Amino acid sequence: MAECPVCGAAFNLAEGTEKGEIIICGDCGSELEVTGKDSVQEAPQEEEDWGE
Amino acid sequence: MKVSIVGASGYGGGELLRLLLNHPDVEVHQVTSERNAGKPVTRVHPNLRKNTSLNFCMVKELEKVDLLFVSLPHTQFMQRFDELSGLAERIVDLSADFRLKDMAAYQKWYEVEHPHPDKLTQFVYGNVELHREEMKKARYISGAGCNATATILPLWPLFKLGAVDTALPVVAEAKCGSSEGGNAVSEASHHPERSGCVRSYKPTGHRHIAEMEQELGHRIYFSATSIEMVRGILVTAHLFVKPEITEKDIWKVYRQVYGQEPFIRIVKEKQGIYRFPEPKILAGTNYCDIGFELDGTRLVVVSAIDNLMKGAGGQAVHAMNVMCGFEETAGLTFTGLHPV
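Chains as they are written, first to last, in numbering that gives the first Met the number 0: chain A, 0 to 51; chain B, 0 to 339.
Hint data in this document are derived by calculation from the structure and do not stem from the laboratory. Since the structure is predicted, the reported quantities are computational estimates derived from the model, not experimental observations. Watch out, some of these pointers could steer you wrong.
Claimed, not checked - Taking lysine to aspartate or glutamate pairs in the DMTMM-like style, the calculated list, with each CA pair at most 25 Å apart, reads:
(1) B/K1 with A/E2
(2) B/K279 with A/E2
(3) B/K107 with B/E212
(4) B/K247 with A/E2
Stated by the list, open to error - FRET-style restraints, in silico, Cβ to Cβ:
(5) A/T34 with B/T203: 23 to 29 Å
(6) A/E30 with B/G295: 23 to 29 Å
(7) A/F10 with B/E186: 23 to 29 Å
(8) A/A13 with B/H217: 41 to 47 Å
(9) B/P168 with A/G25: 54 to 60 Å
(10) B/D248 with A/E32: 33 to 39 Å
(11) A/E32 with B/M102: 57 to 63 Å
(12) A/E14 with B/E26: 30 to 36 Å
Where a beta carbon is used, it is the ideal one built from N, C-alpha and C, also for glycine.
Same shape as in the complex, but just chain A:
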C-alpha cells in the first residue's frame, strides 16, 4: 500500500507499475513518481506563474 505524500491517500499501485513511472493521485490529483514497490514521491512540476 502506497501513501500519497501530499494528501495522505492510501492506494495500491497497479500491477506492472514500474519505478520512475508517473501516476496521478486519485484524491488530490498530484503527479507522483513511483520510487519502489509501495512507495511514491511527488513528481517535479513546472509551476504556473499567475502574474506574480
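Please arrange chain B on chain A, whose structure you already have, making use of the hints.
Same frame as chain A, but now just chain B:
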C-alpha cells in the same frame, strides 16, 4: 409520491420544479403563484417548455399531497403554518422561517416575533451532510441559506474534528451572483447599476450569520459581495488551526467527514485551470466544491456552490430524498457544463 410547491414562480421555486419534474419517484401535482395564477408555468420558467403542462394555481386551491415544498418569501410561511401544514404529512421549507432554533434570533436577525416558537425544534436544518440521521425520522425540514451552506460545509469538518484554534477569529467572505436577490426588481438590480458591479452589500450583519453560528457553534465574521455572475457563490474563509496540524491532516479531515458524501468534492490541484473551487462550472449541479491552502497556522478554505441548487432547490430535493428513503442522488445527477 405526490408533491406540490407553494411559491413556484421565484428562482428557487423554479429550480425546485425543474428538478422535481425529472425526479423518478415524484409527481408534481400543483404549483402556486398568486400573481401568476392560471398562467402556464412555462411563461415564468421558459426552460421547462415541453417538460410540463402545469398552470400556476392559488394557495386556496391546493389539495392534499404527500409532501409539500414551501418556497415563499421570508416570514410568510411562519404566518401561514397552520393553513399549509394541514396539506401534507411532510414539509420541506426553503425559506428562513424555521431555520433558527432560538426564537430570540428571529427578533434579532429578521426583526419579527415568531408566531410558532414551539415548532422551531421540529424542523431539521437542511444540510444533509450535517443532519442525515435526523432527516430520516423528520416530518419537517427547513432549507439552509445559500451563503450559510457555502460557509458551513467547508468549515464544519474542521470544527467537528477539533482542528480549529477556537481562540482566534474565523472570517469568511462570499462573492455572490445576482440570482441570490430573487426575481423582484429594485433600483439596485437595474441593469446599468448592477452590470459589472463588485458591490459590498453586507460587510457585516448578514442574516445567514445566525445559521452559521448555530450550526458551527462559533462566532463567524462574514461579509458578502455581489459580483458579475447570475448563479453561484464563492466563499473564501480564513481561520487558524492548531499548531501541529499539517496540510495532509486537513486532507484527512475532509476525507474522513466527506469521503462518502455524494455532493462534496475536495478540489485542490497544482496544475490545470480550475485548481480551486469555482462556481462557474457548478451551474445547475448540486455539488459543493471545497479547496484549501495552509499558510503556517492560517488555513484558507475556499468553497463554491450554485446558490439555486446546493443553496436552495437541489438541497431541498436532496433532503427530500433522505427523508423519504429515495436514492440520495435521484434527480440530482447533472454534472455541469464545460466550457460554459
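Violated hints, by number in ascending order, as checked against the structure: Going through the list in order, the structure violates hints 1, 2, 5, 7, 9, 10 and 12 and respects the others.
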